[in-house]
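Visitor: Taking numbering that gives the first Met the number 0, the leading residue of the sequence shown gets 0, the next gets one more, and so forth.
Think of the hints as simulated: they come from the structure by calculation, not from any bench.
This one's a predicted model, so the numbers in the text were calculated from it and none came from an experiment.
Glycine residues also receive a C-beta, built at the ideal position from the N, C-alpha and C atoms.
Take the hints with a grain of salt, since some may be wrong.
Below are the SDA-like pairs computed for lysine to any residue, each with C-alpha atoms no more than 25 Å apart in a straight line [what the hints assert, rightly or not]:
| id | residue 1 | residue 2 |
| --- | --- | --- |
| 1 | 79 | 115 |
| 2 | 79 | 93 |
| 3 | 79 | 153 |
| 4 | 79 | 66 |
| 5 | 79 | 125 |
| 6 | 79 | 89 |
| 7 | 79 | 47 |
| 8 | 79 | 117 |
| 9 | 79 | 102 |
| 10 | 79 | 124 |
| 11 | 79 | 61 |
| 12 | 79 | 21 |
| 13 | 79 | 142 |
| 14 | 79 | 114 |
| 15 | 79 | 12 |
| 16 | 79 | 118 |
| 17 | 79 | 121 |
| 18 | 79 | 104 |
| 19 | 79 | 185 |
Label pairs and their in silico Cβ distance ranges [as the list claims (entries may be wrong)]:
| id | residue 1 | residue 2 | range |
| --- | --- | --- | --- |
| 20 | 181 | 86 | 22 to 30 Å |
| 21 | 181 | 118 | 50 to 58 Å |
| 22 | 73 | 225 | 49 to 57 Å |
| 23 | 215 | 67 | 23 to 31 Å |
| 24 | 71 | 44 | 35 to 43 Å |
| 25 | 219 | 96 | 39 to 47 Å |
| 26 | 67 | 185 | 21 to 29 Å |
| 27 | 69 | 27 | 37 to 45 Å |
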Amino acid sequence: MSDERHTASGSPDVEAVFWDIGGVILAADSVRTAHRAFVEELVTEYSTSHTAESALEVWRTTVGEYFRERDGTEFRPARKAYRLAIDEILDESVEDAEWRPSFRAVLEEHARPNPGAVEAIERLAAAPVHLGVISDVDEAEGRRLLETFGVLETFDSVTTSEAVGRTKPDPAMFETALETAGVEPSRAAMIGDRYDHDVAGSAEVGMTAVAYGADDGPAVDHRIEELRELPALLGFED
Numbered sequence: 000m001s002d003e004r005h006t007a008s009g010s011p012d013v014e015a016v017f018w019d020i021g022g023v024i025l026a027a028d029s030v031r032t033a034h035r036a037f038v039e040e041l042v043t044e045y046s047t048s049h050t051a052e053s054a055l056e057v058w059r060t061t062v063g064e065y066f067r068e069r070d071g072t073e074f075r076p077a078r079k080a081y082r083l084a085i086d087e088i089l090d091e092s093v094e095d096a097e098w099r100p101s102f103r104a105v106l107e108e109h110a111r112p113n114p115g116a117v118e119a120i121e122r123l124a125a126a127p128v129h130l131g132v133i134s135d136v137d138e139a140e141g142r143r144l145l146e147t148f149g150v151l152e153t154f155d156s157v158t159t160s161e162a163v164g165r166t167k168p169d170p171a172m173f174e175t176a177l178e179t180a181g182v183e184p185s186r187a188a189m190i191g192d193r194y195d196h197d198v199a200g201s202a203e204v205g206m207t208a209v210a211y212g213a214d215d216g217p218a219v220d221h222r223i224e225e226l227r228e229l230p231a232l233l234g235f236e237d
């Protein structure tokens, strides 16, 4: 790592910055819009007794229950939740090879980054710092989203729950990312939108925890309202 690295005020040198995807890079409301559009497409193209609104309710309930039933921080692929929801909505069987391309297309059409996310990522990419992702997403879906926003190749590492087999706040998620980066926890920062998962989880292993839209609490080292503030906050801009 270059000796030209800047120093964040009041903190040790930051050698790695890790981002969450959902709710930080990816605007959460755009995902809800995409899911609604996909469900509307389902009820239009296939046989079902549901209206678009009732089908959306089934989708949300089925997906929500699927994740609530997981064992602790065990990883459960979102694509399986979508499969279960589709089976609940439709009166006919639809092969994965048929619905998955449609789902990807709808998600890519509607997904959008949070304001300032791409700008901050690109500015940090120009700094002497390891730029990484730590996210609970399915591996392929997470990489496609980053590619859609034009930042996939900007990141030095992408650590997903599918690859690790656990979800945040399991220490394995953060430890795997840190090992990949070759950085000590005290010299790494994590920006996340969920207190228990992102903020407290990263702080527990010794990382600097930056909250964006997350609840407040003792684990929060820094809080930002605008993602474009992140490079300066961490000392990479004067």
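Visitor: Please go over all the hints and tell whether each is borne out by the structure.
Guide: Outcome of the hint check:
no.	hint	result
1	79 x 115	violated (32 Å)
2	79 x 93	holds (14 Å)
3	79 x 153	violated (29 Å)
4	79 x 66	holds (10 Å)
5	79 x 125	violated (38 Å)
6	79 x 89	holds (16 Å)
7	79 x 47	holds (20 Å)
8	79 x 117	violated (29 Å)
9	79 x 102	holds (13 Å)
10	79 x 124	violated (34 Å)
11	79 x 61	holds (11 Å)
12	79 x 21	holds (18 Å)
13	79 x 142	holds (18 Å)
14	79 x 114	violated (30 Å)
15	79 x 12	violated (41 Å)
16	79 x 118	violated (33 Å)
17	79 x 121	violated (33 Å)
18	79 x 104	holds (18 Å)
19	79 x 185	violated (36 Å)
20	181 x 86: 22 to 30 Å	violated (44 Å)
21	181 x 118: 50 to 58 Å	violated (27 Å)
22	73 x 225: 49 to 57 Å	violated (35 Å)
23	215 x 67: 23 to 31 Å	holds (25 Å)
24	71 x 44: 35 to 43 Å	holds (38 Å)
25	219 x 96: 39 to 47 Å	holds (44 Å)
26	67 x 185: 21 to 29 Å	violated (35 Å)
27	69 x 27: 37 to 45 Å	violated (20 Å)
Hint compliance for this structure: hints 1, 3, 5, 8, 10, 14, 15, 16, 17, 19, 20, 21, 22, 26, 27 are broken, all remaining hints hold.
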